[in-house]
Each structure stands twice: as structure tokens, then as C-alpha cells.
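A.B. asks: Fit chain B to the known structure of chain A by using the hints.
Line by line, the protein sequences are chains A and B.
Start counting at 1 in the first sequence, then tack on 14, and there's your number in our numbering.
Start counting at 1 in the second sequence, then tack on 14, and there's your number in our numbering.
No lab work stands behind these hints, which were simulated from the structure alone.
In this text, a Cβ means the ideal position worked out from N, Cα and C, and glycines have one as well.
A portion of the hints provided could be inaccurate.
Stated by the list, open to error - Label-pair restraints from in silico Cβ distances: (1) Q359/B - P212/A: 41 to 47 Å; (2) L418/A - T370/B: 33 to 39 Å; (3) L418/A - E79/B: 30 to 36 Å; (4) S412/B - R408/A: 55 to 61 Å; (5) A365/B - E381/A: 53 to 59 Å; (6) T74/B - D375/A: 38 to 44 Å; (7) V263/B - T409/A: 37 to 43 Å; (8) K369/B - K420/A: 37 to 43 Å; (9) T74/B - E259/A: 51 to 57 Å; (10) A365/B - K420/A: 35 to 41 Å.
Number of protein chains: 2
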Amino acid sequence: MLKGKVLVAQGGGPTAVINQSLVGVVLEARKFAQVEKIYGALHGVRGIVNEDLLDLTQETVANLEAVAKTPSSALGSTRDKPDRDYCNKIFETVKAHGISWFFYIGGNDSSDTVRIVSEMAQSQNYPLRCVHIPKTIDNDLMENDHTPGFPSAARFVSQAFIGANLDNRSLPGVYLGVIMGRHAGFLTAAAAYGRKLPEDGPHLVYLPERTFSLDKFLADVKATQEKFGRCVIAVSEGIHDETGEPIAVKLAETVEKDAHGNVQLSGTGALADLLTEEIKTKLGIKRVRGDTLGYLQRSFAGVVSDVDQKEAREVGEKAVQFAMFGSSDGTVTIKRVGNYAVDYQLMPLTAVAAKTRVMPDEFISAEGNDVTPAFIEYLRPLIGSDSPDPAQLRTSGSRVAKILKK
Amino acid sequence: MLKGKVLVAQGGGPTAVINQSLVGVVLEARKFAQVEKIYGALHGVRGIVNEDLLDLTQETVANLEAVAKTPSSALGSTRDKPDRDYCNKIFETVKAHGISWFFYIGGNDSSDTVRIVSEMAQSQNYPLRCVHIPKTIDNDLMENDHTPGFPSAARFVSQAFIGANLDNRSLPGVYLGVIMGRHAGFLTAAAAYGRKLPEDGPHLVYLPERTFSLDKFLADVKATQEKFGRCVIAVSEGIHDETGEPIAVKLAETVEKDAHGNVQLSGTGALADLLTEEIKTKLGIKRVRGDTLGYLQRSFAGVVSDVDQKEAREVGEKAVQFAMFGSSDGTVTIKRVGNYAVDYQLMPLTAVAAKTRVMPDEFISAEGNDVTPAFIEYLRPLIGSDSPDPAQLRTSGSRVAKILKK
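So here's chain A without its partners, still in its complex pose:
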């Protein structure tokens, strides 16, 4: 039987529930007698290379449970994408510290790191069990019905647009919100989840899965404005033209060309500002507001899906069980069963590593500017309990007859 130490790390962008997975690993690993110590690497793979390790074996359960409820990566994260040389250095630390189990919580880049380390151990005949634990707000991992972190981020985006729709209803005009997700539109699509009445926004949803046409966009906004006297729009940061060029870059170039000057595009508010400016200029609508939801989407404290919390904990727990009782490396995947339960399966790392899943066609409207009811049904079991349910004053039969202006 394998004996030795557990090493766990967190990679990529933080989420609201990534610490649930960490705590799932730590608490489950403590149950196994063959585990001598549980180490956490600070700032992901970089901490492994630099031997910046924390001994989590004696963390109290009370504090671990409090950390589990805290958003962002408690061990710290990294954007490093290791190549083979980098992975060699990871492997040196693994060997020096007698690591027998390696768990890496992250997205598709992180799963690729696990794949390289796993192959390296096998080729050197070093007994190391490697398991990748999924997380990403983008929901873009292959083989997964959804990924931990996405449901809570989706809940945040949904609640933001419930509020934005009501705000826009109160003070009519055009409101545009830019949402994270460069290649996959799942999180942007979640903006539509809270719609209740036929006139509720977002009225338009633009996803990176479809080519963005500025002319079509402006025509859509104009038509919506004429129909409802207002317009709420959800836009993915990843929208692009037919050549794949991001719309933010394209619009900025136009501005630059017009001005013969140097336009600053590095700020995160650029896409929202450029699109609202287009609407103002081309459609002549006065009240046009743009927000970029930014980092709040992935780490806002206090908005979380309880379903997501539970599943994020479970993928950490299952990873340890697969590692201890199984005989192969892999990635923990979430499969949907019925309506609604989940099953966790260990799949080969190559099935997920460095690949990107995008929204299936059935979730995108034919016109490419909205989601389908199928997407809302897909999201419903994930969003969690006690979602806000906005109400409005009843207007039928209660309008007061005019006296002066009849």
C-alpha cells in the first residue's frame, strides 16, 4: 500500500467555493492511516517549485470549515502554466518531500499540469497518484455537466441582472453589463436566469459562441428600445468578429483611427464603454449605462449557491477516495443524473486537459442574441436555495382615470 504525504494546491482564478474542495481533500485525507502529512502549496505550482508549503495536518476542523465558506483560494493561486521543465521542478519537490498523492484544484490549464506530472511519475516509475479537481466559473471543462464555482458565479450574475433590470425599469434607458468568459458563454447566459415577466431584461444576450456583428447589435437594441422603451443587455467579454478579433480591440482601433492618437485599452471597462458609446452615437439614445461586472463575479463574499458548496466539497472528497481506493490517475468529473442528482467519475486527464467546452447550440437562440428555455432548465438545479424572487405592483385594473389630460 502507498504511504507518504498528500500535496494539495489551488490554481487559476479564484471562485466562491474553491476552498470547499480544498477542505474536502484535507478532511477526507485525514481519515487514511497511510497519509503521514497533508501539505498545501502556497500559490499553486509556484509554491511547489519554491517549496513554499504549509502543513495542514493540524488545522482545526472549525477553522477549516470557516475557510471552506470563504471565497477565493485560501492557499493562494498562480497563473503559471508549467511546461515540461517547470514540471520537472515540481517533481523534484514531490520526490524530496516524499509526496505520494498530488491533488490540484483548477481549470483546464491546471488539469494539463497534472497530466504532465502524472506522465513524468509513470515514466520514472515513481509511485505518485495524481488527481485533478475541477473548478472554474467559466464552466468550460469537457466531460463535466458543470464545474464547481460556476453555479455561484452564475447566481451572482443572475442577481446582478435581476437588480439591473429593476433599476432600468425604474429609470428607463439602455443598460449593458459585460460578463467574464472569453470562450464559453455560460456565465453571460446566466444573466437571463432571473427573468420573470415577459418584459423583464436582459432583453439581449451576446455570447462568444456566436460571431458578433455591430450592425445587428445596434438593430437589436433599437428594436428592443422601441418595443419596451428600455433595453437591458448582457455581453460576454469574449465577443468577437468573424475573424476572431475581439470586439473591444476592433472598436478601439476605430476610435484610434478617428483620433489619430493613442487610445488606452488596457483598463477592464473598455468594452462596456465602447459599446455604450456606439449606442449613444449611432442610435441617439441619451441614457445609456455600461457596467463591467469584473472581479466581483468570482469572489464576492456572501453570494453563493448551496448546491455549488456541497458539490465543491464532494469533488475534493471524491478525489481523495479515487486516489486511495483506485488504481489510476485522472480528473474528477461531475455527471448529471436525472433531475437533479450528480454522480462523480474519475476520467483520464487527457479527456479534459487543455481543452475548452463551449455552450451547446441548444442553449443559444436561433437569432444568436438570447438563451433558450433549455439553458434556464439546465441552470435551475444549480443556482441554489433562496434565490431572490422580485415582485411588482399589479397594474391591471388599477390605473387611475385621468381628469386633466383625459
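C.D. replies: Showing chain B alone in chain A's frame:
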């Protein structure tokens, strides 16, 4: 005894609890036999002028209670700032529909409207009781310890910065968040509420109550970055130089001058983008991110202070009681009693109308780049129950000794 109809309306920017005040008025007014009908004006004073009125007398209690929990203004709002002519038109509708009581829920502009209408009724000897009901996320009404809407917005900003601090701790760099409040810094100051450990951000807080110096700002950021290896900054949208010129305009002019071109400044992300660009360029820090919290601050669905909900309901309820049992027009004000209770007083409209309250000096640090503990104590009873309490892994005594790099 006065008999007739009640007219209620909502003005200015929406808040998370402005519908609590509306429902407080409606439910309380229904108890008085002299009230024949309760009308709500759609989109504030504009709805009064246009006779766009909703009869709320027969709204069900269940729906009213659901509306009370819904953010933004259920009756719709307006940015119209009525002059005397406009108020004359309001007064025509008031007379035509036999309105005896007028309640306007809003900020200092709305209270000034109530003042004009009140004076008009008195000069014409028309029996109209007018009461202004406070609301504003800016917390800038004179005579009030705080105003309904502010505590919930403060809670949102606090939760956003708890998350932003943890995100920044996980992936270090500079993070800057721009917060609403052109003249009063209360909401920006709330960013500091969730700090728990000495190294927690926001490390720097810039308020419109102090002159903003770009050089001092950059020196502050540099010093923080050197001390903590990271820096989280809260900035009010209203920061300005010694002449009162907004920093967003000033920085854009510099960019424009450099580029001999035409810079788009109308988008809301401009200030964050310009300041992060300054940090990148002048301090040579690579990872600099800027968010503009935008409309989420005032209408996000699902983040609300229960204290704020209760008080917003009570100011509506008290307004009706003051109007029915009292003998003068006025504005309902919130006074703090002890630690912590509140008392509601009706004060003359002129005490609040068209005036702006700003942060007192005792809430601002000597250096002008942070809040004081006194501000945190001021905010504590307002923020509401079950605020997120982030936890971190304990690092003392748990660092693993290095083997390779010892």
C-alpha cells in the same frame, strides 16, 4: 379633520429598500378612515404631472410585502428636478384628484420638491399635508444619522471588498475599485468595513471630502505594494483636485493632450481605467486591475441589511403617522439613540432640502487615505445580520521546512 386621498411617489436613484418605505406608507395609510384612496405616481413627479397614477388601495398585503423585499423603485423613478412651474403642474393634479396627503420618497432634490409644493399649498390655502421620506445610498441628507438605502449599499460594497481583498491576496497585484458618491464618501468608506487582519485591504481609501493628489496617491500605492506585496484601493467616483476638477476629467485631458486626439470619457469605467493605467505606467507594476462597482451597488438583488429594511419600512410608517396626527409638513429624519436604537423626528423641510451632508472629519484618517475606527463603529449597527466573516488558514508554526532550497 382632513379627508381625501393619499399620493405617494418615489424619486431619484433606486435603492435596495426604497420599496419598504412605499409599502410602509400604503399599509399605514390604510388604517385611517379619513383616507379614501391611496394613489402611487408612476416615475415620481413626472407621473404626477402626467396623471400617470396607480390605485394602490386594493393591492394585496402579500404582494405589497413581496414588493417591499424587491430592490429598485416599484413605482418607477425620475431624475426631473422640478422648478416652480413644474411644481405648479404637480399642484394641478393634486387639486384635480383631491389629494390631501403627499408623500415623496427621495433624496435632497426630492425634499426640495416637497418644500416647494408645501409652500405652494400654504400660499393658496389648500389643505395639503406634505411629508418627505428619506432615501439615498449616498447617506448625504442633513439632520439624519444615516438614510435608508445606505446601509444595504454599504453592505454590498463591504462584501465586494471582502472578496476583492481575498482575490488579491490569492493573485497579488494592485486592485482598484471605484465606488459611487460624488460629494459624500460614506459609501466608499464602507469598503473598509470587512477588514479583519492587519494585512487586509482595502489598504487605501480615497474620499471626495479630501483633495486628491495623483503624486501622493502613487506614493501611497508604492509604499503599500512594498509593504504587503499587493495593494487594494477603494476610490470614490467624486475624487477631485484642489480646484474641484474631477480626477477622471483631469486624467483624460492629459491622455488627450499626449495623444492629440479625442478620448472617450463618457463610459463609466473611465476613472478606474485611467488610474490603473497611471499605476502601470508610473510605478511599473504589471498586475493592476480596476473595477467600477457601478449600478450593482444600489440595486443588486439579494444583498440587503435587515436593519435597513426595518428602518426603511418605519420611515414610511412614521411619515403617515406624522401626517395624520401632526400639524405641520416636514421631512422624517433618523436620529441615533445609544448603541443602538433610532428615533424618528419630523423636521422642517428647509433643514434638509437641497443640502448635502459629507463625512465628518472624525471618520477620515489624518493622512486622508483611510477611514478611522470611529467610522467602522458608526457603520457596525447598520450593516445588518449575518455579514460574511472570512477565515484564513493559520500559517504560524505550520510552514514546512525546505529541503531543496534551505
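A.B. asks: For every hint, state whether the structure bears it out.
C.D. replies: These are the hints, each one checked on the structure:
1. Q359/B - P212/A: 41 to 47 Å: holds (44 Å)
2. L418/A - T370/B: 33 to 39 Å: Holds: the Cβ-Cβ distance is about 35 Å, inside 33 to 39 Å.
3. L418/A - E79/B: 30 to 36 Å: Holds, at about 33 Å.
4. S412/B - R408/A: 55 to 61 Å: holds (59 Å)
5. A365/B - E381/A: 53 to 59 Å: holds (55 Å)
6. T74/B - D375/A: 38 to 44 Å: holds (43 Å)
7. V263/B - T409/A: 37 to 43 Å: At 42 Å between Cβs, range holds.
8. K369/B - K420/A: 37 to 43 Å: Between K369/B and K420/A, where Cβ atoms are some 39 Å apart, the hint holds.
9. T74/B - E259/A: 51 to 57 Å: holds (53 Å)
10. A365/B - K420/A: 35 to 41 Å: Since A365/B and K420/A have Cβ atoms about 39 Å apart, the given range 35 to 41 Å holds.
Hint compliance for this structure: every hint is met.
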